[in-house]
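Produce the complete structure using the sequences and hints provided.
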Amino acid sequence: MLYFVAGCTSAIHVGKIPTALPELTEHLGLSLVGASLIVSLFSMLSAGLGLLAGVYAVAACRGAALTGFLCAGIASLVGIISESLTVLLLTRAVEGLGWILVAVTMPVLLAAVSNQRDKPLVMGIWGAFMPLGITVTLLLSPMILESGGWRLLWQFSGLASLIAGLLVAWASRRVVLPEPIRLQTADIVATIWRPAPLLMFACFLTYSAQFMAVTSFLPTLLLERYPVTLAMTAQWAALVVAANIIGNVAAGWLLRRGFTAASLLIASMFLMGVSAAAIFSGLFSLVMTVCAATVFTAAGGLIPGTLFASAQKVVSAPVLAGVVIGLILQAAGLGQLIGPPLMTTIVEWADDWAAAILYTTLMSLSGLICALCFMRVPMEPSNTC
14 MLYFVAGCTS AIHVGKIPTA LPELTEHLGL SLVGASLIVS LFSMLSAGLG
64 LLAGVYAVAA CRGAALTGFL CAGIASLVGI ISESLTVLLL TRAVEGLGWI
114 LVAVTMPVLL AAVSNQRDKP LVMGIWGAFM PLGITVTLLL SPMILESGGW
164 RLLWQFSGLA SLIAGLLVAW ASRRVVLPEP IRLQTADIVA TIWRPAPLLM
214 FACFLTYSAQ FMAVTSFLPT LLLERYPVTL AMTAQWAALV VAANIIGNVA
264 AGWLLRRGFT AASLLIASMF LMGVSAAAIF SGLFSLVMTV CAATVFTAAG
314 GLIPGTLFAS AQKVVSAPVL AGVVIGLILQ AAGLGQLIGP PLMTTIVEWA
364 DDWAAAILYT TLMSLSGLIC ALCFMRVPME PSNTC
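Residues in the sequence shown are numbered consecutively from 14, following the numbering used here.
In case anyone wonders, no lab produced these hints; they're calculated from the structure.
Using N, Cα and C, we set each Cβ at its ideal position, and we do this for glycine too.
Misleading hints may appear alongside valid ones.
[To be verified] Computed Cβ-Cβ distance ranges for the label pairs, DEER-style: (1) H40 <-> S127: 39 to 49 Å; (2) S298 <-> R186: 50 to 60 Å; (3) L371 <-> V52: 18 to 28 Å; (4) L385 <-> R270: 15 to 25 Å; (5) S160 <-> T273: 45 to 55 Å.
This is the structure we're talking about:
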């Protein structure tokens, strides 16, 4: 539980941006482009460095985890002095590196302290670290911003990461971790350049590209179609994102009950495609649209939990799971970058939100095909290092 909570603190660095952005924009005089850079920086880092972070985690898992907490914590505290976009982006980049290192190492630590029977459940729960951390931050940040502005929020996130790092350092001092491996390029290629890891990458990419696009523009869609206020749409959006946690936890429980990873991926992609069509069709009431969005994110939550749990099964040694998790993070970042602009391009071309159904259907079908292929590929057994 400690490792999970510690991992959730890294999500604070992602969740603090949406509510702090208006104040940051005013304080630093940011343009729309500058604001978008702050929002997308973590996705760019994840898309570019996820795999490298996974390789570092294989070479020194505990050290990489502590480095991650230290980077995120110190960078957030240093960011308090930012008086320009350049300084803020530099500190955010270091925060992002810390977040990536925590995200690839915590699953390895969790696996090391879990018995074989509980690992699927534990990995499924771990998949909830981002939506849970972000949701809690979204709920707390308005009070923090009212008390001390964005600088107090940065101080809160920095101290949370440093405290989490200290607790992980204390708790992991006697944990028996897989023997570290210094990977050569050939080892990395041999680990990821196989059908199972590549299909996992593709599945997460199609999920991430849909999830980010739909959840980012859901408030805008609701405002344009229904007689609602901005505050109401924010509350609906928070509820919808929080529903992702249900899928994360359910994935671990279902895997533990004997369901296959491929069956969960297939069900998730199908439900995401159907519910996304309901969201954008314009045929349903506000309540039904929000319900469809809740189903969309809850069903999508099956994918992170399932793939994190599968990372240990597609490698020849447990320590190599960090590389696969890094690859998954890279898919997440890439999907977050390409998803929203692709969907909005289609919507603008058609001048109708219903055109987004074309995008979500293509993504869901692509993910469904990958999931069906995943069902047929061999998964290497995990051996003790």
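Handout entry: Index of numbered hints that the structure contradicts, given in increasing order
Key = none
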